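Protein sequence lines, in the order shown, are assigned to chains A and B. Following the working numbering, the numbering of the first sequence begins with 1 at its first residue and continues without gaps. Following the working numbering, the numbering of the second sequence begins with 1 at its first residue and continues without gaps.
Hint data in this document are derived by calculation from the structure and do not stem from the laboratory. Among the hints, a few may not be true.
Derived lysine-lysine pairs resembling DSSO-like cross-links, with alpha carbons at most 30 Å apart [unchecked claim]:
1) B/Lys150 - A/Lys111
2) B/Lys106 - A/Lys76
3) B/Lys150 - B/Lys164
4) B/Lys106 - A/Lys111
5) A/Lys100 - B/Lys106
This one's a predicted model, so the numbers in the text were calculated from it and none came from an experiment.
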Amino acid sequence: MDRQKNFPVFVSVVDDELDLALLFRDALSQIPGIDVFAFSDPLLALEHYRVNHERYGCVISDYRMPSMNGIQLLTKIKEINSEVTGMLISAFQIDDDTFKNCECFDTFLQKPVSMKNLIGKVQQYLGNRIKIKSNESP
Amino acid sequence: MDSMFYDPRNQDRFNPRDRVDEISDRLLQVPIGHHSIILYPDLARLRIVYSNYIKAQLDDEDPTATILFLPYYETSDKVREVLVPTGINVKAHEKRGSLIIVDVMKALTSPGTKVPHLERLPNFISQVYDANHDKTLIVIADMSVFHNLKMSLELLDYEGNLHKTLETVRWKGLCLYNERDIETMLTEEHATRLLSYHKESVILN
Numbered sequence: 001m002d003r004q005k006n007f008p009v010f011v012s013v014v015d016d017e018l019d020l021a022l023l024f025r026d027a028l029s030q031i032p033g034i035d036v037f038a039f040s041d042p043l044l045a046l047e048h049y050r051v052n053h054e055r056y057g058c059v060i061s062d063y064r065m066p067s068m069n070g071i072q073l074l075t076k077i078k079e080i081n082s083e084v085t086g087m088l089i090s091a092f093q094i095d096d097d098t099f100k101n102c103e104c105f106d107t108f109l110q111k112p113v114s115m116k117n118l119i120g121k122v123q124q125y126l127g128n129r130i131k132i133k134s135n136e137s138p
Numbered sequence: 001m002d003s004m005f006y007d008p009r010n011q012d013r014f015n016p017r018d019r020v021d022e023i024s025d026r027l028l029q030v031p032i033g034h035h036s037i038i039l040y041p042d043l044a045r046l047r048i049v050y051s052n053y054i055k056a057q058l059d060d061e062d063p064t065a066t067i068l069f070l071p072y073y074e075t076s077d078k079v080r081e082v083l084v085p086t087g088i089n090v091k092a093h094e095k096r097g098s099l100i101i102v103d104v105m106k107a108l109t110s111p112g113t114k115v116p117h118l119e120r121l122p123n124f125i126s127q128v129y130d131a132n133h134d135k136t137l138i139v140i141a142d143m144s145v146f147h148n149l150k151m152s153l154e155l156l157d158y159e160g161n162l163h164k165t166l167e168t169v170r171w172k173g174l175c176l177y178n179e180r181d182i183e184t185m186l187t188e189e190h191a192t193r194l195l196s197y198h199k200e201s202v203i204l205n
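All chains, please: the whole structure from these sequences, using the hints.
Below is the structure:
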């Protein structure tokens, strides 16, 4: 019952460049079994997550963003539910020291990210959840 | 916080799409030794303004000046990509030394320590000035970086003392702030103080 209630799985893309967030959203929408949301404001993304966290499977966030950076956002996301997949994306070369001991994200993607790679990563991390749900659907 | 708090009654908000030349004119008129501030809601609108301003500065103003652009929310390559369609020969200007584009985090970070320090920025600016044989330096810096570094109070001191810090440099500055960072990191009083440190304020809408 709960499984059915939490399907499709929510995924959000957070990037202060709205065009990019929309581009990623459109690409990921091809994956069956997920609903994708695009946000250019991390505070709005966090609010959406707070309200709907039970349905969330993955949050993909840019690193450098106004009002809250990707690390701060994903840390708050994981505080609410540590099971949710956090993906950090950045166009900048990230020094390992910056993220040393940071457990707020599961994988890092360097921009430019190919849509194929992005879709593959989301499928990889949500794989079982999407497959189980898809098989349950009539 | 009321997002209009830093919009003094006598100050317009500028739509960059139809007032971009007016904005550039205002910024070009700021005298040497002073700095201006631009509050921007998003990168799309900021790009219209900085590309026009840089082009005007390179085309019409002091031909011996060096522009030092320190972006934060976009990479140096992205800035180049934005500037090229405006007709700026970015490669030629970079080769000549009239345009230098560096990630502001690099300007703040000592090569040895990898830890960003506010005090590093004026040193970096002075080094660029010295390396360019004392040409006038036009510094365009996205100061939103200080929000991410949680250095808002240090930032106020820095902005308030910039004239003294850079007194040996022939410079003028354009400080860029994302509005959302201002609202998140500064109180109303601090935001008003920040604006007062600048010769010219341009708030984009």
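To see whether the hints hold, each was checked on the structure:
1. B/Lys150 - A/Lys111: 25 Å, holds
2. B/Lys106 - A/Lys76: Since the Cα atoms of B/Lys106 and A/Lys76 sit roughly 28 Å apart, the hinted pair holds (cutoff 30 Å).
3. B/Lys150 - B/Lys164: 24 Å, holds
4. B/Lys106 - A/Lys111: It holds: about 19 Å lies between the C-alpha atoms, which stays within 30 Å.
5. A/Lys100 - B/Lys106: 19 Å, holds
The earlier numbered hints are all upheld by this structure, with none contradicted.
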